[in-house]
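A.B. asks: Sequence:
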Amino acid sequence: MADSGAASEETIFQLLKKADPKELEQRQQAINEKRHKTFELTQQRLAELIDQNSTLPTTVSSVTVLGASNTRHGFLKRVVDPLLSANRSRPYTQSELIHEVANAATRLRRFGIYHEPISVYLDKPAKTDPTTTPTDVAVYYSVKERSRIFAKTGTDLGNAEGSAYANVQWRNLFGGAETLDVNASVGTRTRSSYQALFDTPVLSNPDIHFQAAGVQSATQKVFASHEEVLKGGWSKLRWVTSTGSLHEIGYNGLWRQITGLSQNASTTVKSEAGDSFKSSISHSWSADWRDNPSLPSRGYYAKTTAELAGWGPLRGDVAFFKSELETQSALPIPLPGVKGDSGISLTTGFRAGLLYPLALGSSPNPEPSRINDRFQLGGPNDVRGFRLSGLGPHDGPDAVGGDIYAAGSANLLLPLPKVGKDKPLRFQAFVNGGRLLAVRNPEKEGPMTHQEVKQSVSNAIHELSNGLPTISAGFGLVYAHPVARFELNFSLPLVVRKYEEARKGVSFGIGINFL
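Counting in our numbering, the sequence shown runs from 1 upward without gaps.
Think of the hints as simulated: they come from the structure by calculation, not from any bench.
Zero decoy hints are in this set.
Each pair of labels, with its calculated beta carbon distance range:
| hint | residue 1 | residue 2 | range |
| --- | --- | --- | --- |
| 1 | 416 | 191 | 37 to 43 Å |
| 2 | 462 | 333 | 33 to 39 Å |
| 3 | 39 | 202 | 44 to 50 Å |
On a predicted model such as this, the values are computed, not experimentally measured, just so you know.
Think of the CB as a built atom: it goes at the ideal place given N, C-alpha and C, for glycine as much as any other residue.
Go ahead and model the full structure; you've got the sequences and the hints to work with.
C.D. replies: Shown next, in the form of structure tokens:
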């Protein structure tokens, strides 16, 4: 019997060896096609069943979140209670129910305290329960909570600075998707920085967040021969509208110190050395409809910010109104004979800002702006072809900033040969420029009257459009990494004003926002 079995097994292997490989491949392909057709019929039948029953009335008797042991019941109740039919004026249709259940799962996901994916189950309640009806269903969400403590160290590159950091984050701190984020960093410009940030959703809504933070930092201002020390805190309410735009309203209370002056510091920097306290309220609005924030080929971006300091009950020892506008648009350029997206795009950007001095407290006249609050312009992240803060007013070796500015850029982006349009690498050719001016009366030192400030602002706005702006042009490479945008450019300054610091040649820029 053993010999017969061995002979039979040997015969099978011999038959397999003699079989034509093409015939075996055809048989396997036929089996796969049959399985695929069976799967398609099953999916089609399932779709038909859902479609046939999509209008049937359905009620939700209960919603249960499984696996959320560290999340407060009251927090989850606000998220899932709107699903209950007891809180609705009419029953769901089945298609409506599937849509609303998916929306609730999305809201749970957006809190960032659960692993992906979040599973959803629908089931019939127990028939023995006298409180249920034939149309009732029970909804179950199965979640897996993320680790409550997360720590990491690393390096950051961006906005002409490199830094090393250590970060510790506590998630779901009190069971309501709260986060406490403690960060410490040292860098090339920001010598030391410490921040503790607390963030919590408001009323279990992932679209509305309240934030509060305490900060302490020391930053070397290499363009103005001093170091700035900041200590204080801020709070902020952030919300996303139905159109996808973001609003932020906040309060800032910061003690600032200009210290560590270099030996060749200018008279302007020396006169502003010491302490100041800024107490301000702010609002910002932004909307981003670009297909890629770092390397857009189509879409539009807009942002406005406004800050009011030292006015009325805000106190502090600086008073001003500060506003900025930033826009960017990207347009794909089609090529004749090329179907679909050619990978070539034209990006334009524009920024403008105004700092308007106000009277402080009972003082009758506005105080001149301080170097801490003025705008700076120039560098590889905005007006290329100029040194960091190379545009605008200077006092000796120091860029002392300005009170009003405008800057714009046009960038033509093209895919590299043999690299392709699907890679985040582009060749760019650009032209950019801008003006940065001070609001002051050149014939008078010290504070100005309200009328003089108004006239000086009007003169500065007129000067912005008087003649050519400071301009540079160039070309280079752009790489859009998920963390930041990298640029390697050759720039040629075309229009340079007295005291401005141009930079002809190759420059390297890393950052999130580029002009």
